[in-house]
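Q: Sequence:
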Amino acid sequence: MTDIHFADRVRQIHQELGIPEDYARSAALALQQEPAELALCEPDYYGREQRLTPQALAAWHSMRDSAQKEGVTLFLISAYRSVDYQAQVIRRKIDAGRTIAEIMCVNTAPGYSEHHTGRAIDIGTHDCPVLEEQFENTSAFAWLQSNAADFGFTLSYPRDNACGISYEPWHWCYQPAD
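FYI, in our numbering the residues of the sequence shown are -11 to 166.
Be careful, since some hints might not be right.
[Stated by the list, open to error] Think about it this way: if two alpha-carbon atoms lie no more than 25 Å apart in a straight line, the pair counts; the simulated SDA-like pairs of lysine to any residue are:
| hint | residue 1 | residue 2 |
| --- | --- | --- |
| 1 | K81 | E4 |
| 2 | K81 | S70 |
| 3 | K57 | E4 |
| 4 | K81 | F139 |
| 5 | K57 | P42 |
| 6 | K57 | A12 |
| 7 | K81 | A18 |
| 8 | K57 | M92 |
| 9 | K57 | E9 |
| 10 | K57 | K81 |
| 11 | K57 | Y73 |
| 12 | K81 | Q21 |
| 13 | K81 | L28 |
| 14 | K57 | F139 |
| 15 | K81 | A(-5) |
| 16 | K57 | C29 |
| 17 | K57 | L28 |
| 18 | K57 | L19 |
| 19 | K81 | A130 |
| 20 | K81 | A16 |
| 21 | K57 | A150 |
| 22 | K81 | L19 |
| 23 | K81 | P42 |
| 24 | K57 | P117 |
| 25 | K81 | Y34 |
| 26 | K57 | V118 |
| 27 | K81 | P117 |
| 28 | K81 | D110 |
| 29 | K57 | A18 |
| 30 | K81 | P164 |
| 31 | K81 | S127 |
| 32 | K57 | A75 |
| 33 | K81 | A137 |
| 34 | K57 | G140 |
| 35 | K57 | S70 |
| 36 | K57 | E30 |
| 37 | K57 | Q0 |
Everything labelled a hint here was simulated from the structure, so no lab data went into it.
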């Protein structure tokens, strides 16, 4: 259940950024509530502190370690991202001259990013540059396609996804079993 104050805060941020009122419907995305608890995980590729929910962190470590045992390197590029941080990312892109329409093809609007849940991770490997589509050609991506579901992770933005988000072979989200 989404907190009414959270939804109001998201609506206000959208107004400030010029995100269309019908964004959720047109993007077919649900509001993503921020978690009550986050656990510290290893630093990301850039050396920044990262956090995940405790359950997602345990699943990530298990998946990463299992891949490593099979000779596949997976590393964290990013994890939890607050609504305010997501808004900053979009503001920077607007300030750089990009339109909201362009930005919404590669970033979800604040309040709608799976990163807000503390369950989404961007994954990299040493075989290619980070956050590049060519990640799909790596042994890491092949391993994830075959094994990630066993750890509760799913690829969020496959090619031609219903949300209109650009293909992101590196973006995986932990979906806890109910």
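Q: Going back to the hint list, which numbers does this structure go against?
A: Hints 3, 4, 6, 8, 9, 10, 11, 13, 18, 19, 21, 23, 29, 30, 31, 32, 33, 35 and 37 are the ones this structure does not satisfy, whereas the remaining hints hold.
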